[in-house]
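> Sequence:
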Amino acid sequence: MPALQPIFIKAYWTLAAIGILWAVFLLSLINPTLQRHALYAHKIHSGFWHNVTSPEEFGFAKGQVQPFWLDTSDGEKLFCWHVLPLDVYLEHENELVQATVPGEVAEELEGTVGAKLLKRDGESRVVVNFHGNAGHVAQGHRPSTYRSISGIPKTHLLTCDYRGFGLSSLTNAPHIPTETGIITDAVSILSYIQTTLNHPTTRTVLLGQSLGTAVTAASALYFADPDSPALPTDLVDPTPKPSNHAGFASIVLVAPFRDLPTLLKTYKIAGIFPILKPLGGYPRIANFLINRILDLWPTQTRLLALLAASAPPTTGIAVSQNPLHIHILHARNDADISFHEAEALFAPLQSAMLSGVGCAEGV
25 MPALQPIFIK AYWTLAAIGI LWAVFLLSLI NPTLQRHALY AHKIHSGFWH
75 NVTSPEEFGF AKGQVQPFWL DTSDGEKLFC WHVLPLDVYL EHENELVQAT
125 VPGEVAEELE GTVGAKLLKR DGESRVVVNF HGNAGHVAQG HRPSTYRSIS
175 GIPKTHLLTC DYRGFGLSSL TNAPHIPTET GIITDAVSIL SYIQTTLNHP
225 TTRTVLLGQS LGTAVTAASA LYFADPDSPA LPTDLVDPTP KPSNHAGFAS
275 IVLVAPFRDL PTLLKTYKIA GIFPILKPLG GYPRIANFLI NRILDLWPTQ
325 TRLLALLAAS APPTTGIAVS QNPLHIHILH ARNDADISFH EAEALFAPLQ
375 SAMLSGVGCA EGV
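To convert a position in the sequence shown, counted from 1, into my numbering, add 24.
Straight line, CA to CA, 30 Å or less: simulated DSBU-like cross-link-like pairs of lysine-lysine:
hint, residue 1, residue 2
1, Lys265, Lys101
2, Lys265, Lys140
3, Lys178, Lys86
Don't read these hints as lab results, they were simulated from the structure.
On a predicted model such as this, the values are computed, not experimentally measured, just so you know.
Given these sequences and hints, build the entire structure.
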């Protein structure tokens, strides 16, 4: 029978080494730059060997996807995709194929064949997709989502990489993605669709996944109430600034969370490595780290503010506004973000709606 003492010693030092590495990792996150690199993981992507300027490599038909650049209100340049619905593509396939130059990225969406087809159809709908952290517009399962949506008749999809992600620029200080910067990106995208493409918000759906749900909530609130105290004060407004917002067709949140500090208490990297959960028995240390989180992403606060901002005016002036539709989806077997986060997010929204706050029809 082998001696057990050496095995226990090796196990002890292995666990001790893991604990030390984990502690060093947590302490390093106090540094603002390292913290944001870990949060957004924008440098982790397959763009080093995948060419996102050639959408055909990701299973799309030639000419179905138009890559283009979009200028934000603070001077960044975002790399974006416009995915045409299959029914529109098949009807205009020859024109789209002839206009396609492999690897070419349009300076903007306006003026492209896809934009003309979008504007020409009075029944067209747009889904704006806000992806999660890490990767680029075509990373992992994201193209599958776009293909599914493109199967819905007359439904166009627009999606962009946030600043610093994929091919998008990152020229403004602090030269790393921030909450304010990413919200500015989202607002710029929605403003471009509304003002440049003249597409009504009442036929625009906002779709967010994971981190993208926080981006979705913030940008939806901005259009309902640009001066809301729940938004960053240093946002750079688009021109023109939104006014008389009629509401979006729907807001869809896939795997949302209440806010980042709360999420990190249960979040596991890749569904395996916990962040703050091992500190459950050490609340002082946990609070020390939580108080140093820079980007809070308070989705619950912003959705409640959105409900309040969607309330009918009390001035007696009739305003045409869509009821606020919020859909929350979350897999029960989500290994990264617990579905309990979605349940906890839903509860106060339901209470607010039942008490008559806002003009939402259902969550």
